[in-house]
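Chains G and E are the protein sequences, given in the same order.
Each residue of the first sequence is one higher than the last, beginning at 1 in my numbering.
Each residue of the second sequence is one higher than the last, beginning at 418 in my numbering.
Just so you know, the hints here were simulated from the structure itself, not pulled from any lab data.
Everything numeric in this text was worked out from a predicted model, so none of it was measured.
A couple of the hints might just be wrong.
Unchecked claim - Below, in silico cross-link-like pairs of lysine-lysine (DSBU-like), each with a Cα-Cα straight-line distance of 30 Å or less:
id	chain 1	residue 1	chain 2	residue 2
1	E	Lys597	G	Lys184
2	G	Lys20	G	Lys303
3	E	Lys437	G	Lys180
4	E	Lys421	G	Lys193
5	G	Lys184	G	Lys233
6	G	Lys22	G	Lys223
7	E	Lys597	G	Lys22
8	G	Lys124	G	Lys332
9	G	Lys326	E	Lys437
10	G	Lys118	E	Lys535
11	E	Lys601	G	Lys22
12	E	Lys541	E	Lys437
13	G	Lys118	G	Lys267
14	E	Lys437	G	Lys184
15	G	Lys184	E	Lys421
16	G	Lys193	E	Lys439
17	G	Lys360	G	Lys341
18	G	Lys22	E	Lys609
19	G	Lys20	G	Lys107
To be verified - Chain G is nowhere near these chain E residues, computed Cβ spacing over 10 Å in every case:
id	residue
20	Pro442
21	Ala474
22	Pro476
23	Tyr508
24	Asp515
25	Ala532
26	Phe603
27	Lys610
28	Pro620
29	Pro681
30	Pro705
31	Ala793
Using N, Cα and C, we set each Cβ at its ideal position, and we do this for glycine too.
There are 2 protein chains.
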Amino acid sequence: MQQKVLIIGGGFAGINTAQKLKNAPVEITLIDRTNHHLFQPLLYQVATAALSSSDIATPLREIFRDQENVRIIMSEALSVDTEKQVVNLTYCDPVSYDYLVLATGAKHSYFGNEAWEKFAPGIKTLEDAQGIREHILRSFELAERSHNRFEIQHYLNFVMIGAGPTGVEMAGAIAEIAYKTMLKDFTQIDVKKSRIYLIEAAPDVLPTFEPALRQRAREDLEKLGVIVLTGHKVVDINDDGVLTDTLFIPTKNAIWCAGNEAGPLLKTLNVPLDRQGRVIVEEDLTAPGFPNIFAIGDAASVKDKKGRIIPGVAPAAIQEGCYVGKIIAGGKRKPFKYFDKGSMATIGLYKAVASAGPLKLTGFLAWLAWCFIHIAYLVTFRGRFLVMAQWLFWLISGKRGSRIITDSLTEDATPHP
Amino acid sequence: MQQKVLIIGGGFAGINTAQKLKNAPVEITLIDRTNHHLFQPLLYQVATAALSSSDIATPLREIFRDQENVRIIMSEALSVDTEKQVVNLTYCDPVSYDYLVLATGAKHSYFGNEAWEKFAPGIKTLEDAQGIREHILRSFELAERSHNRFEIQHYLNFVMIGAGPTGVEMAGAIAEIAYKTMLKDFTQIDVKKSRIYLIEAAPDVLPTFEPALRQRAREDLEKLGVIVLTGHKVVDINDDGVLTDTLFIPTKNAIWCAGNEAGPLLKTLNVPLDRQGRVIVEEDLTAPGFPNIFAIGDAASVKDKKGRIIPGVAPAAIQEGCYVGKIIAGGKRKPFKYFDKGSMATIGLYKAVASAGPLKLTGFLAWLAWCFIHIAYLVTFRGRFLVMAQWLFWLISGKRGSRIITDSLTEDATPHP
């Protein structure tokens, strides 16, 4: 009988595992809460109205249409039963496995302050990104129809919490929306009064990047009009604004770009987890004590040969997925080796910072590299083609293509949709 | 002092009125519940996953970016006060007018059976279309993960109620999704068991079209696999299915493509309305007794020179908008004359029926004409460019580009999202 491989999660880690098993004599079941694979590095572009959801998402069934050993179930995994070797799902029968691959990804962490989520949502899913996009666009509309100058400024203040790549990219993109895209669109308010704050507890933006790139990123952000507040710790967030240890910033638009944590499924394994809830895996990416259970991508805490934790980026997830696929297909269990492809972040249109090994790029050249790499990664021909078309349009016109608020504005705004 | 022109509604009628007044010495206020102009004739393509929302919608602020006499407020008009000459809005101060243009459009009518809306939603807004798209895609996912053959068939039955252009176009598109696009996507269910029903009380599909075209449309639909049930009156709809006078069709996917009615704002005018709630306008499209209040598009019941009611199509709304714009700009009040550009409906990919005066087209030629006319109408360069790109892709690959379910499927399906 064929071995049963159960993969939880259709992100980069999960789909690469499945694809490596294309010609293996196994039965693969892939479980995902959604029906699509999401190109997460571009999610902030959906949140800032540059791309549509369908540009950066591909139906999982389309990806595996020609791989006959994959069965896909759209459901949520509730718990792992390591004795019976089954995973329990919502509204579906449990699925049994010979090999289990946990590629469940990360969700945002509020470090124990879950009440903040309502006022400062994070960006992990398409639903998150669309909600934030509509919220941002709606804020300009609400400012336009208000007659109260305090209220107007509440709507025109934008606060990004956390200055990792997501926070930096969001802040740059919102600055461009406010100071360029929207400049001629409103007649009652002056959109130049928009203020974009980027708050970071660490002493610098992009804390994981090289010092020279951090400095350049800060300069580029400030040139765009972003107010960079490093060394500021967020103390509280409510409907009225964001409170740091030294400042109160009134805003209706706080966006959480700070912490990550793994989902609750991993807890049901009863193996040691790190502080972010990730499985501290063995050298072959298995959960301690379970040679047939792998944790990869953002579900795993993996160390490179120098003992540093591998960052939660797409290239790491892809490499880990391929590695596990090869092992299940019968490959040798040599320790996993991470090949660091570097890191990059865009700062508005035309600018970025990037490093790959000894190579460091800034400005327009880094931005070109960023465009090229992201287009090259996009998983299907369609995504690639349409994203290129939109970007081309965007470059030529300076417009943002997806500034549509889906529903109507008949009620006063709730903190977040 | 400049005359104040207040336009309610940013559809074809409303934006054409405003655009005709570009160089007139007036102050225009345009009110819309949403932030966008919607190309409604292609809304069913969003509902059937061929296009993204932002392909067929353009922000109103973008359309009027360079027209300085237009102010836009995103709000809902509650009532007209003809004595004070103001319109009351939700959450905003009332807006006064010298000229009022009511271009409020239509919503779907359930002929007194409002309870049906929950089980058989209509398609008038982007929100509607996205909801129906996600509901259809979700039904296939729920069928795939079910082990109950009755339940599976519930999910795989699709019922369109009303065989006007929307019903015909929806039925054809869903037949293509089920029998072509999805054919290789599912491993547990046989998507060929999908059944697409098109129910119409009149004796034929497309009742307003020429008899020869109706016959051809029915044949084309049946070739695609659609079960056409004309002469069937819907008696009741619930969570379990659709009941006609002679049949019960179990389904989780009923879609309302039948009646239209104008919105409630018109009632506050206290002028005679027709059965669909539209203002029965004078020859110059004014409301009886109010030479400064115009009703146009789907808000008006207008007769042509032969005494027939002008249909609720985009060309009529555009012509009426331009006519009213010219009058307000100081033009003469000659009676409005409708130029009938004909009617058309697509039946799946590559086929359509169309008539324009004595000219009748069917099959591929009609479909090409349909493509050409719809692309030509799209209001902005962007819409046009991207829609063409997607269609081109669609033609080449037979895929549908936007098969993304935004949120997750962790709960059992409610009748409709």
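Going down the list of hints, with the structure as the test:
1. Distance hint between lysine 597 of chain E and lysine 184 of chain G is unfulfilled; the C-alpha atoms sit about 45 Å from each other, more than 30 Å.
2. For a cut-off of 30 Å, the pair hint linking lysine 20 of chain G to lysine 303 of chain G stands: about 23 Å separates their Cα positions.
3. Taken as a hint, the lysine 437 of chain E and lysine 180 of chain G pair is honoured in the structure, with Cα atoms around 28 Å apart against an allowance of 30 Å.
4. In summary, the hint linking lysine 421 of chain E to lysine 193 of chain G is supported, as the alpha carbons are separated by about 28 Å, within the 30 Å threshold.
5. Between lysine 184 of chain G and lysine 233 of chain G the alpha-carbon distance is near 35 Å, which puts this suggested pair outside the 30 Å criterion.
6. Between lysine 22 of chain G and lysine 223 of chain G, the direct Cα distance comes to roughly 49 Å. Violation of the 30 Å bound is thereby established for this hinted pair.
7. A threshold of 30 Å between alpha carbons decides the hint, and for lysine 597 of chain E with lysine 22 of chain G the separation of about 24 Å falls inside it, so the pair holds.
8. Between lysine 124 of chain G and lysine 332 of chain G, the direct Cα distance comes to roughly 34 Å. Violation of the 30 Å bound is thereby established for this hinted pair.
9. Among the hinted pairs, lysine 326 of chain G with lysine 437 of chain E is inconsistent with the structure: their alpha-carbon atoms are about 66 Å apart, more than 30 Å.
10. Distance restraint check for lysine 118 of chain G and lysine 535 of chain E: the Cα-Cα separation of roughly 28 Å lies within the 30 Å cut-off, and the hinted pair is therefore satisfied.
11. For the hint linking lysine 601 of chain E to lysine 22 of chain G, the alpha-carbon distance of about 16 Å falls within 30 Å, and the restraint holds.
12. About 26 Å separates the Cα atoms of lysine 541 of chain E and lysine 437 of chain E, which keeps this hinted pair within 30 Å; it holds.
13. In summary, the hint linking lysine 118 of chain G to lysine 267 of chain G is supported, as the alpha carbons are separated by about 25 Å, within the 30 Å threshold.
14. Annotation: proposed proximity of lysine 437 of chain E to lysine 184 of chain G holds, straight-line Cα distance about 20 Å (limit 30 Å).
15. Restraint check for lysine 184 of chain G and lysine 421 of chain E: satisfied, since their Cα atoms lie roughly 22 Å apart, inside the 30 Å limit.
16. Annotation: proposed proximity of lysine 193 of chain G to lysine 439 of chain E holds, straight-line Cα distance about 28 Å (limit 30 Å).
17. Restraint check for lysine 360 of chain G and lysine 341 of chain G: satisfied, since their Cα atoms lie roughly 12 Å apart, inside the 30 Å limit.
18. Between lysine 22 of chain G and lysine 609 of chain E the CA atoms are separated by roughly 26 Å; this keeps the pair inside 30 Å, and the hint holds.
19. Taking the CA atoms of lysine 20 of chain G and lysine 107 of chain G, the gap is about 26 Å. The hint holds against a cut of 30 Å.
20. Remark: the non-interface label on proline 442 of chain E is consistent with the geometry, its nearest Cβ contact in chain G lying 17 Å away (cut-off 10 Å).
21. Once the 10 Å rule is applied to beta carbons, alanine 474 of chain E is inconsistent with being away from chain G; the minimum gap is 5 Å.
22. Annotated as non-interface, proline 476 of chain E brings its C-beta within 10 Å of a C-beta of chain G; the closest such distance is 5 Å.
23. At roughly 5 Å from the closest C-beta of chain G, the C-beta of tyrosine 508 of chain E falls inside 10 Å, breaking its exclusion from the interface.
24. No beta-carbon of chain G comes within 10 Å of the beta-carbon of aspartate 515 of chain E; the shortest separation is about 19 Å.
25. Separation of alanine 532 of chain E from chain G is adequate, the least Cβ-Cβ distance of about 22 Å exceeding the 10 Å criterion.
26. The claim that phenylalanine 603 of chain E lies off the interface is violated: its Cβ sits roughly 7 Å from the closest Cβ of chain G, which falls inside the 10 Å cut-off.
27. For lysine 610 of chain E, the non-interface assignment is confirmed: its Cβ lies about 17 Å from the closest Cβ of chain G, beyond the 10 Å cut-off.
28. A cut-off of 10 Å between C-beta atoms confirms that proline 620 of chain E is not in contact with chain G; the least separation is 38 Å.
29. With a least CB separation of 13 Å from chain G, proline 681 of chain E remains clear of the 10 Å interface cut-off, as annotated.
30. Against chain G, the non-interface label of proline 705 of chain E holds: every CB pair exceeds 10 Å, the least being about 29 Å.
31. Every CB of chain G lies more than 10 Å from the CB of alanine 793 of chain E, the least distance being 19 Å, so the non-interface label holds.
Consistency note: the structure conflicts with the earlier hints numbered 1, 5, 6, 8, 9, 21, 22, 23 and 26.
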